[in-house]
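**Q** Read off the chains here:
Protein chains: 2
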Amino acid sequence: MTLDTIGEEIKKANSIAILAHESPDGDAIGSVLAMGLALENMGKQPDRIITEYPRKFQFLPGADKVKKESQVEKYDLAIALDCSDLRRLDGKEYFENAHKTIVIDHHSTNTMYGDINFVNPVATACCEILIGIFTYFELDIHQDLGTCILTGIITDTGGFKYQGVTAETFEFTAELLRKGVNVSEIYEKVLETRTRSNFELLKRILNRMEILENGKVAFTYITSQDEEEVHAEPGDHEGLVEVGRNVEGVEVSIFIRQIDNEAKYKISMRSTSDINVSDICYLFGGGGHPRAAGCVIQGTVEQVKEKIIQEVRNRLN
Amino acid sequence: MTLDTIGEEIKKANSIAILAHESPDGDAIGSVLAMGLALENMGKQPDRIITEYPRKFQFLPGADKVKKESQVEKYDLAIALDCSDLRRLDGKEYFENAHKTIVIDHHSTNTMYGDINFVNPVATACCEILIGIFTYFELDIHQDLGTCILTGIITDTGGFKYQGVTAETFEFTAELLRKGVNVSEIYEKVLETRTRSNFELLKRILNRMEILENGKVAFTYITSQDEEEVHAEPGDHEGLVEVGRNVEGVEVSIFIRQIDNEAKYKISMRSTSDINVSDICYLFGGGGHPRAAGCVIQGTVEQVKEKIIQEVRNRLN
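Going down the list, the sequences are from chains Y and X. Residue numbers for the first sequence follow the working numbering, beginning at 70 and rising by one. Residue numbers for the second sequence follow the working numbering, beginning at 70 and rising by one.
These are calculated hints, taken from the structure and not from any lab test.
Where chains are identical, the list cannot tell them apart; a pair therefore holds if satisfied intra-copy or between any two copies.
Listed next, the in silico DSS-like pairs over lysine-lysine satisfying Cα-Cα at most 25 Å (straight line): (1) 161 x 113; (2) 285 x 258; (3) 81 x 134; (4) 80 x 161; (5) 258 x 272; (6) 230 x 248.
The following block holds chain Y by itself, in its conformation from the complex (with noise of 0.2 Å):
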């Protein structure tokens, strides 16, 4: 079966790069993180690469292992988590030149892009994933390791919050409170803590937000001169999605980001009816959840708010 070759290629290999998707979130980190400390368990000195960390990540225990870059041209194998789409992975020169490569990962859009992939969609996080891993490989889930896995559960669930999350997910938790992982702490640093330029960030997406369709459609927008004047860093535009999305009646909250002060722009969406966000956004080139997905889309912001607007609209009752 697949995770006995997926076991086999980890022994063999005397080299291997972790990667994960860009702008990482919670669970690629957590994956990134878990995966890490798992082969050291299995025996190996593995590289995490990750391009830009995001600084509140910085207490998961193996943060100060992780590499911008690195200088193996070749890598024996090249291991992707929580990456969908060969194109959006970080540092996806590691992975196209390694002699083997694998992809693990819970997004239903997964183009199966490595040598091995082993894909669950209905797994809540890639973490959730991990742990079935590391349980086959009969690995000890400890403290650390178990700190890394929630945090990707964590993130991907919302803090338990979003459908999809089971009675194992519950019970899995409990066991890791009782090995010690501070659930509270995961959850605030990762999911509850705003840094002063996100706080600025969620001010102005607040002001600017147009709730329109009868209420049905939240749209705001951040530009790259808002995050120049608030001086963000990676990560500080995180959860400003979630904004629109909670407020009453609205069953589409569309965020979108200006990227590198060009006329293009991130679009991140949120649906809490049965418009299947992911469909709409892999019109544009992108993907994800039918309740979480993400886009690129060339224009100004009015122009962008148009094209995806139309395509909400369309599928509104």
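Guided by the hints, dock chain X onto chain Y, whose structure is given.
**A** Same frame as chain Y, but now just chain X:
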């Protein structure tokens, strides 16, 4: 033991009033509704009395049975839930007139104002205490009862995030999920959904928020006029105090809300550090928990702000 006495009093009583603290939150409401269902399972026909029932809890089983007031002058038994002090009890006249009174609560500041007092300050929620009581009474915690109970737990743990959440909380939640309780729905309805009025208030408190004392204190306010302008209903101000608490570096968040157009404000405080806000609120005749407390202070915004920040300042390092 106390639980046996409580059981006997319930058995003896023909008329029972179930009450909770004024401005009821999810734990107060969940407790009242859970107790209502449990007593019905025990063959009783209790009155659930809540003067101002917030709209967002309308989805809970038994919400349609809640009364604003009652014609019964002298109940055989009155049960006060999640209320630390008789002065804060909604419908305290029913409690004061009742033949027998029971207090079930988890606030450490409880003044033990009942004939029988069952207070456990270690419990994360009053609803958590009810689990123990119902289990002791050998009542089946079915889906409806579980939904009410989980509403209290999700409210008072902030969605499983506060310190004090135990492995048992997660295990119990796993069990409820298996019984068909919809954790996501409760979470979304109780913690996530902002009414349009709450959204408008959020904008105002954000634009007014001051970050003081070297970034350690967040202060903001709303007036009665604000609430009128945004057509606020009971409960629409909830959660606003959390916004300041979540800003990086903030140790104490203060949110004050004018009462009935008077020179009088309801203070809500949150702490993320060792500063005990319950102690501070106690000085002004209020109380609560070390990390979440409240009180009422006379004065203008500026006067109230100065009074409360003075006390915080004395406790900052």
